[in-house]
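Participant: Sequence:
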Amino acid sequence: MVGTFLFCFCFLPRLYSIYAILSTLYVDNFIMRIYNKINKIGGGKMKFGIAGFLPGSEQRIGMAKKLGYEFIESSLSALYDDFSKESIDAMAEQIKSIGMPCIAANGMFPKRIALLGESADKCEISEYLCSAFEKTQALGFDVCVLGSGRSRKVPDGYPIDRAYGEFAELLAETIMPVAERFCKNIVIEPLSYYITNVINTLPDAVRVIKAVANPRLSVLADFFHISYNHEKLDEYSDMGKYINHVHIASFSNRFAFPRPFDGDDYREFFAFLRNSGYAAQNVSVEAQDITFSNDAEFTNTLSSSLGYMKTM
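Just add 8 to wherever you are in the sequence shown, counting from 1, and you've got the numbering used here.
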């Protein structure tokens, strides 16, 4: 009787503790499996990269790789205007050795090139695009972001239907033939109303895509611009099939890296991407400033942001 009492008194609490730990581990594992399944709607977990890297930033690219980022995004017009082909080729070699592919380029057109209106010159547009794609070919990106808000802005009073018609025609007859020649996929980026007056929302971009009907043409979803324009994502249940690239940055904290308690609701955005069928799964952080004053600040910001985004 005494032995039984001592066993119950001494060992049962320990057995219960072991049981509680194992139960917790099982529950946590079960929850994580459910989370992973949810995350795989549309084809797998999100892959996170960083936009804005140019030649000379290879050390920081290597640091981002070690932190867990999977790709970079550069800028077509900046590469074309500000860097030699030799420096671009050198960057391509270095990111290859780092294992950090450049999958996309934004800033497709410089401000000096008009895409719409009386100033638009299709020959100039085609020649620039051919030269830019050729010069940056070593980087190997296959997605090119057609934002260029100032280039596609039309004067006040310009018939908006005419602007959309001109844009669709420009894509079909000038831009997409060059994209096909260089094996590029073009994603139209809807921009904030304060930047441009042509293509501001996801449905605006889909309108153009349907008019052009080219399999290499799709949409970019940008968290900042969607937030600025107050788009209602719950109304876009089937939008994912048109999206081929994603940008994210804090709206409340003006283009900063997403961080906890920064005032933005990122969960709705990520739920929208998963549930609407976004298949590419690439999410590029397009922060306004990726230079930072020192390596510690760079590392701390990128690390905490990535960890936070992976909980979505």
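It should be emphasised that the hints constitute simulated quantities derived from the structure, not laboratory data.
All values derive from a computational prediction rather than experimental measurement.
Keep in mind that the hints are not guaranteed to be accurate.
[As the list claims (entries may be wrong)] Pairwise CB distance ranges (calculated):
#, residue 1, residue 2, range
1, 301, 89, 22 to 28 Å
2, 169, 319, 40 to 46 Å
3, 297, 89, 35 to 41 Å
4, 130, 312, 42 to 48 Å
5, 270, 307, 15 to 21 Å
6, 97, 201, 38 to 44 Å
[Said to hold, decoys possible] 20 Å max Cα-Cα, derived EDC-like pairs, lysine to aspartate or glutamate:
#, residue 1, residue 2
7, 119, 164
8, 318, 272
9, 53, 101
10, 104, 94
11, 143, 78
12, 218, 243
13, 104, 132
14, 218, 177
15, 161, 132
16, 130, 101
17, 249, 181
18, 73, 297
19, 53, 90
20, 130, 181
21, 249, 212
22, 119, 101
23, 143, 90
24, 161, 174
25, 218, 276
26, 143, 212
27, 161, 212
28, 161, 177
29, 53, 276
30, 104, 78
31, 73, 273
32, 74, 270
33, 318, 276
34, 119, 78
35, 104, 177
36, 240, 272
37, 161, 188
38, 73, 101
39, 55, 276
40, 218, 188
Beta carbons are placed, not taken as given, at the ideal position from N, Cα and C, and that holds for glycine.
Participant: Hint by hint, note whether the structure agrees.
Facilitator: Evaluated hints:
1. A beta carbon spacing of about 26 Å between residue 301 and residue 89 agrees with the range 22 to 28 Å that was offered as a hint.
2. Under the hint 40 to 46 Å, the C-beta atoms of residue 169 and residue 319, about 43 Å apart, fit the expected range.
3. For the pair residue 297 and residue 89, the supplied restraint of 35 to 41 Å is violated, since their beta-carbon distance comes to about 20 Å.
4. For residue 130 paired with residue 312, a C-beta distance near 46 Å keeps the hint of 42 to 48 Å intact.
5. A hinted range of 15 to 21 Å holds for the C-beta pair residue 270 and residue 307, which are about 19 Å apart.
6. In this structure the hint that residue 97 and residue 201 lie 38 to 44 Å apart at CB holds, the actual value being about 39 Å.
7. A hinted pair counts as satisfied when its Cα atoms are at most 20 Å apart, and residue 119 with residue 164 qualifies at roughly 18 Å.
8. Taking the CA atoms of residue 318 and residue 272, the gap is near 15 Å; set against the 20 Å cutoff, the hint holds.
9. This hinted pair does not check out: residue 53 and residue 101 have alpha carbons roughly 28 Å apart, beyond 20 Å.
10. For the proposed pair residue 104 and residue 94, the alpha carbon gap of about 15 Å is at most 20 Å, so the pair holds.
11. Taking the CA atoms of residue 143 and residue 78, the gap is near 24 Å; set against the 20 Å cutoff, the hint is violated.
12. A threshold of 20 Å between alpha carbons decides the hint, and for residue 218 with residue 243 the separation of about 19 Å falls inside it, so the pair holds.
13. Between residue 104 and residue 132 the CA atoms are separated by roughly 32 Å; this puts the pair beyond 20 Å, and the hint is violated.
14. With a C-alpha separation of about 12 Å, the suggested pairing of residue 218 with residue 177 holds against the 20 Å cut-off.
15. Only pairs whose Cα atoms come within 20 Å are accepted, and residue 161 paired with residue 132 is accepted, the gap being roughly 17 Å.
16. Restraint check: the Cα-Cα separation between residue 130 and residue 101 comes to about 33 Å, which exceeds 20 Å; the hinted pair is violated.
17. Taking the CA atoms of residue 249 and residue 181, the gap is about 24 Å. The hint is violated against a cut of 20 Å.
18. A distance of roughly 18 Å separates the Cα atoms of residue 73 and residue 297; the hinted pair therefore holds under the 20 Å criterion.
19. Restraint check: the Cα-Cα separation between residue 53 and residue 90 comes to about 35 Å, which exceeds 20 Å; the hinted pair is violated.
20. Taking the CA atoms of residue 130 and residue 181, the gap is about 9 Å. The hint holds against a cut of 20 Å.
21. This hinted pair checks out: residue 249 and residue 212 have alpha carbons roughly 15 Å apart, not beyond 20 Å.
22. Proximity of residue 119 to residue 101 is assessed by CA-CA distance (about 29 Å); at most 20 Å being required, the pair is judged violated.
23. In summary, the hint linking residue 143 to residue 90 is supported, as the alpha carbons are separated by about 12 Å, within the 20 Å threshold.
24. For the hint pairing residue 161 with residue 174, the CA-to-CA distance comes to about 12 Å; that is within 20 Å, so the pair holds.
25. Under the criterion of a C-alpha separation no larger than 20 Å, the hint pairing residue 218 with residue 276 is inconsistent with the structure, at around 26 Å.
26. Restraint check for residue 143 and residue 212: the C-alpha separation of about 31 Å exceeds 20 Å, so the hint is violated.
27. At most 20 Å may separate the alpha-carbon atoms for a hinted pair to count; residue 161 and residue 212 meet this at roughly 14 Å.
28. For the proposed pair residue 161 and residue 177, the alpha carbon gap of about 16 Å is at most 20 Å, so the pair holds.
29. Restraint check for residue 53 and residue 276: satisfied, since their Cα atoms lie roughly 16 Å apart, inside the 20 Å limit.
30. The hinted pair formed by residue 104 and residue 78 meets the criterion: a straight-line CA distance of about 12 Å does not exceed 20 Å.
31. Pair hint residue 73 plus residue 273 does not hold up; C-alpha atoms about 26 Å apart against a cutoff of 20 Å.
32. Note on residue 74 and residue 270: the hinted pairing is violated, with a Cα-Cα distance of about 25 Å set against a maximum of 20 Å.
33. A hinted pair counts as satisfied when its Cα atoms are at most 20 Å apart, and residue 318 with residue 276 qualifies at roughly 14 Å.
34. Restraint check for residue 119 and residue 78: the C-alpha separation of about 30 Å exceeds 20 Å, so the hint is violated.
35. Distance restraint check for residue 104 and residue 177: the Cα-Cα separation of roughly 37 Å exceeds the 20 Å cut-off, and the hinted pair is therefore not satisfied.
36. Between residue 240 and residue 272, the direct Cα distance comes to roughly 15 Å. Compliance with the 20 Å bound is thereby established for this hinted pair.
37. Restraint check: the Cα-Cα separation between residue 161 and residue 188 comes to about 25 Å, which exceeds 20 Å; the hinted pair is violated.
38. Of the supplied pair hints, the one linking residue 73 and residue 101 holds, its CA atoms being roughly 15 Å apart against a limit of 20 Å.
39. For the given pair, residue 55 sits about 18 Å from residue 276 by alpha-carbon distance, which is consistent with the 20 Å threshold.
40. As the CA atoms of residue 218 and residue 188 are separated by approximately 18 Å, the hinted pair is consistent with the 20 Å bound.
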